[in-house]
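As given, the protein sequences belong to chains A and B, one line each in that order.
Going by my numbering, the letters in the first sequence line up with residues 1 to 381, in that order.
Going by my numbering, the letters in the second sequence line up with residues 1 to 381, in that order.
It should be emphasised that the hints constitute simulated quantities derived from the structure, not laboratory data.
Worth double-checking, as some hints may not be accurate.
As the list claims (entries may be wrong) - Now the stretches of chain A that chain B is said to cover, found in silico as 3 or more residues with beta-carbon under 8 Å: (1) 97–109; (2) 117–129; (3) 209–222; (4) 241–252; (5) 280–287.
All C-beta atoms, glycine included, are put in the ideal place defined by N, C-alpha and C.
Protein chains: 2
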Amino acid sequence: MKRNLLLTPGPTQVPAQLCEVLGRPIIHHRTPQFQDNIKQVVEGLKEIFQTKNDIYILTSSGSGAMEAAVVNLLSPNDKAIAVDGGKFGERWVELCQTYGARTIVHKVEWGKAPSASQIKSLLEANPDTKAVFITLAETSTGVTPDVKAIGEVVSKTPAVLVVDAVSGLAVQEIKTDEWHCDIVVSGSHKGLMLPPGLAFVSASAKAIDLINKCATPRYYFDLRECKKAMEKTDTPFTPAIGIMIALVESLNMIKKDGLNNMFVRYAHLARAVRAGCKAIGLELFPDETCATNVLTAVKVPANIDGEKLTKTMRDTYGITFAGGQDHLKGKVIRMAHMGSLDEYDILTGLACLEKVLFQMGHKFELGSALTAAQKVLNNKS
Amino acid sequence: MKRNLLLTPGPTQVPAQLCEVLGRPIIHHRTPQFQDNIKQVVEGLKEIFQTKNDIYILTSSGSGAMEAAVVNLLSPNDKAIAVDGGKFGERWVELCQTYGARTIVHKVEWGKAPSASQIKSLLEANPDTKAVFITLAETSTGVTPDVKAIGEVVSKTPAVLVVDAVSGLAVQEIKTDEWHCDIVVSGSHKGLMLPPGLAFVSASAKAIDLINKCATPRYYFDLRECKKAMEKTDTPFTPAIGIMIALVESLNMIKKDGLNNMFVRYAHLARAVRAGCKAIGLELFPDETCATNVLTAVKVPANIDGEKLTKTMRDTYGITFAGGQDHLKGKVIRMAHMGSLDEYDILTGLACLEKVLFQMGHKFELGSALTAAQKVLNNKS
Numbered sequence: 001m002k003r004n005l006l007l008t009p010g011p012t013q014v015p016a017q018l019c020e021v022l023g024r025p026i027i028h029h030r031t032p033q034f035q036d037n038i039k040q041v042v043e044g045l046k047e048i049f050q051t052k053n054d055i056y057i058l059t060s061s062g063s064g065a066m067e068a069a070v071v072n073l074l075s076p077n078d079k080a081i082a083v084d085g086g087k088f089g090e091r092w093v094e095l096c097q098t099y100g101a102r103t104i105v106h107k108v109e110w111g112k113a114p115s116a117s118q119i120k121s122l123l124e125a126n127p128d129t130k131a132v133f134i135t136l137a138e139t140s141t142g143v144t145p146d147v148k149a150i151g152e153v154v155s156k157t158p159a160v161l162v163v164d165a166v167s168g169l170a171v172q173e174i175k176t177d178e179w180h181c182d183i184v185v186s187g188s189h190k191g192l193m194l195p196p197g198l199a200f201v202s203a204s205a206k207a208i209d210l211i212n213k214c215a216t217p218r219y220y221f222d223l224r225e226c227k228k229a230m231e232k233t234d235t236p237f238t239p240a241i242g243i244m245i246a247l248v249e250s251l252n253m254i255k256k257d258g259l260n261n262m263f264v265r266y267a268h269l270a271r272a273v274r275a276g277c278k279a280i281g282l283e284l285f286p287d288e289t290c291a292t293n294v295l296t297a298v299k300v301p302a303n304i305d306g307e308k309l310t311k312t313m314r315d316t317y318g319i320t321f322a323g324g325q326d327h328l329k330g331k332v333i334r335m336a337h338m339g340s341l342d343e344y345d346i347l348t349g350l351a352c353l354e355k356v357l358f359q360m361g362h363k364f365e366l367g368s369a370l371t372a373a374q375k376v377l378n379n380k381s
Numbered sequence: 001m002k003r004n005l006l007l008t009p010g011p012t013q014v015p016a017q018l019c020e021v022l023g024r025p026i027i028h029h030r031t032p033q034f035q036d037n038i039k040q041v042v043e044g045l046k047e048i049f050q051t052k053n054d055i056y057i058l059t060s061s062g063s064g065a066m067e068a069a070v071v072n073l074l075s076p077n078d079k080a081i082a083v084d085g086g087k088f089g090e091r092w093v094e095l096c097q098t099y100g101a102r103t104i105v106h107k108v109e110w111g112k113a114p115s116a117s118q119i120k121s122l123l124e125a126n127p128d129t130k131a132v133f134i135t136l137a138e139t140s141t142g143v144t145p146d147v148k149a150i151g152e153v154v155s156k157t158p159a160v161l162v163v164d165a166v167s168g169l170a171v172q173e174i175k176t177d178e179w180h181c182d183i184v185v186s187g188s189h190k191g192l193m194l195p196p197g198l199a200f201v202s203a204s205a206k207a208i209d210l211i212n213k214c215a216t217p218r219y220y221f222d223l224r225e226c227k228k229a230m231e232k233t234d235t236p237f238t239p240a241i242g243i244m245i246a247l248v249e250s251l252n253m254i255k256k257d258g259l260n261n262m263f264v265r266y267a268h269l270a271r272a273v274r275a276g277c278k279a280i281g282l283e284l285f286p287d288e289t290c291a292t293n294v295l296t297a298v299k300v301p302a303n304i305d306g307e308k309l310t311k312t313m314r315d316t317y318g319i320t321f322a323g324g325q326d327h328l329k330g331k332v333i334r335m336a337h338m339g340s341l342d343e344y345d346i347l348t349g350l351a352c353l354e355k356v357l358f359q360m361g362h363k364f365e366l367g368s369a370l371t372a373a374q375k376v377l378n379n380k381s
């Protein structure tokens with residue numbers, strides 16, 4: 001009878017309406033019926049990406065879409081700038097290096113954001129840069145950069161801007177076209193509220209030009225083949241049909257709620273979580289000025305074992321938070337506020353956090369996180 | 001109220017029990033709960049692969065697992081032999097060529113099987129061959145080769161044998177270890193009765209040795225990382241969690257029925273389909289001596305438009321067959337007998353085939369395909 005509440009930054013909670021669709025029989029993918037499905041998915045995603053660019057559908061996790069970006073843009077020895085301020089920025093670096101790019105690693109302290117001016121300087125010093133890789137919502141640290149300002153800078157150079165929006169899409173604003181994001185990658189299991197298995201790539205004309213010139217061998221993730229297939233409302237390989245069918249419903253749900261209303265809602269939930277955490281003495285991990293609304297990362301008090309905390313919450317009470325990654329293991333906990341999560345889920349998460357922290361000897365007034373969050377939640381101004 | 005019966009060689013019909021599991025809420029993948037899931041999946045797959053080798057889990061379609069085999073085994077300029085006797089053999093060739101292998105293409109006429117002796121000669125002429133790529137069930141033609149004999153030949157050389165068992169696994173016999181299949185790849189949406197999205201790779205010690213020496217850059221499909229992760233009962237990237245959860249149930253269903261009983265059942269269904277097709281004047285496309293039990297490919301009568309035939313069956317009656325691919329478009333139809341399909345599904349498929357062929361003017365006694373199939377189905381000797 002234990003709850004199974006995912007407050008993790010991916011996979012996120014799959015709402016009951018989408019579970020029901022995922023349990024329906026599938027259809028064959030080379031049929032007019034499925035072509036209609038592809039069409040609806042592409043149209044819906046274009047609204048969420050806020051783009052007129054091509055959208056390609058891949059069957060993989062989000063990292064597969066990241067690989068697609070790298071192997072389709074960078075030829076061996078091409079120069080790339082990869083912003084590394086956390087686990088997912090690190091993934092851009094690893095991908096660029098794996099495929100032989102001369103990779104300028106722009107290290108940013110965990111919890112801080114890269115600035116557009118830093119990227120401008122790097123581009124001026126390296127005018128032959130082919131691509132700049134950034135992360136919309138760095139879930140390992142809870143940071144979001146000023147993508148708009150970075151896009152402005154990159155757009156004035158021959159380089160393309162590549163944004164990992166795996167976690168951020170449909171949770172925080174990304175204006176793909178207006179902000180000059182040439183490639184944006186995302187996945188099914190974050191803001192889109194579905195199980196992992198599908199990934200998406202949007203590509204601007206500037207990106208497509210580079211894709212067509214790129215000499216790196218690729219096959220499964222060849223975006224040229226994706227483009228050809230998409231023009232026939234098809235995918236080059238058998239797609240994750242079940243998730244594709246449910247995605248139509250997910251996109252309808254988002255459309256009905258309204259994308260902007262969702263951004264407002266997540267921002268509101270984020271404020272409530274932060275107020276709740278502060279009320280029981282938990283400090284925000286990232287700089288507040290660059291904190292994303294996708295999730296909240298807070299420091300675990302020095303006398304508390306963060307790994308034991310999240311383990312107890314999950315195994316005893318069925319509420320799953322994420323712990324810290326790499327050097328933050330045991331020192332940080334992370335609570336998502338995205339997808340289908342509402343204010344009652346957030347209060348549930350905070351209640352469980354209070355309970356276990358209290359059991360573990362952290363000193364605070366029981367109920368104070370809930371009270372603080374409730375006050376924010378009921379103040380919509 | 002129309003039926004939605006998939007008699008296609010992938011995706012296959014997802015039985016109601018598995019639809020139900022696919023509709024359940026998911027859990028987080030970095031938990032002891034999901035580790036238990038991974039453990040059960042790996043154990044179950046080892047029984048079906050008939051192997052003690054490592055099994056790696058990828059989130060991709062079957063073609064992703066094929067790419068994984070190529071990029072992990074072949075360094076640029078390595079020599080490979082790829083058997084091309086249909087659409088999926090062709091995929092091996094394309095993959096090997098894409099990644100810069102010196103590829104010896106062993107062309108086999110569509111409908112015929114490669115022989116072990118031909119492969120032996122090729123290996124003798126090319127003793128520096130690193131890998132031989134074959135297809136267990138070539139669904140474009142309905143052919144299966146003598147994998148055991150080919151394995152015997154390849155095992156006596158330094159080359160590894162790579163088998164595309166995407167369609168064949170759990171439908172027809174493959175004894176991975178006994179037949180010396182160094183790499184076997186498969187997917188979730190064929191014999192395993194689930195939607196597409198997960199792929200599997202088994203790797204022998206001989207293959208792992210080559211994987212560790214391989215110089216081709218790879219990241220998402222890096223089997224070295226899969227091995228490391230698997231040793232911690234983990235996956236390198238977020239897996240298709242929903243399908244993984246349902247796969248435990250699928251493997252239990254197969255175990256309960258008994259793998260060998262399933263092979264017998266599919267062979268029985270295949271005989272019935274062939275008898276039914278013959279009774280209405282449809283000729284088997286492949287040589288009967290090398291026909292797989294995964295599906296039956298038959299020639300469409302000269303006066304019948306095969307594309308219109310399958311389209312009408314699907315759009316008017318809800319019964320989906322596959323048409324022919326490439327030069328066989330409109331000339332061949334393909335009916336699967338795998339996964340959860342039983343004799344009543346087969347009779348349903350034949351009944352619909354009779355109905356539409358009759359409407360289209362093909363001359364035969366209505367009911368004769370059903371009668372012939374029914375006679376085979378009721379003669380279990």
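Against the structure, the hints:
1. Residue count for the stretch 97–109 of chain A with a Cβ under 8 Å from a Cβ of chain B: 3. That meets the three needed, and the coverage hint holds.
2. Figure legend: the stretch 117–129 of chain A, annotated as covered by chain B; annotation inconsistent (0 residues with Cβ-Cβ distances under 8 Å, at least 3 required).
3. Using a Cβ-Cβ cut-off of 8 Å, 5 residues of the stretch 209–222 of chain A lie near chain B, which meets the minimum of three, so the contact claim holds.
4. Counting residues of the stretch 241–252 of chain A whose beta carbon lies closer than 8 Å to any beta carbon of chain B gives 3, which reaches the threshold of three, so the coverage claim holds.
5. Look at the stretch 280–287 of chain A against chain B: 0 of its residues bring a Cβ nearer than 8 Å to a Cβ of that chain, fewer than three, so the hint is violated.
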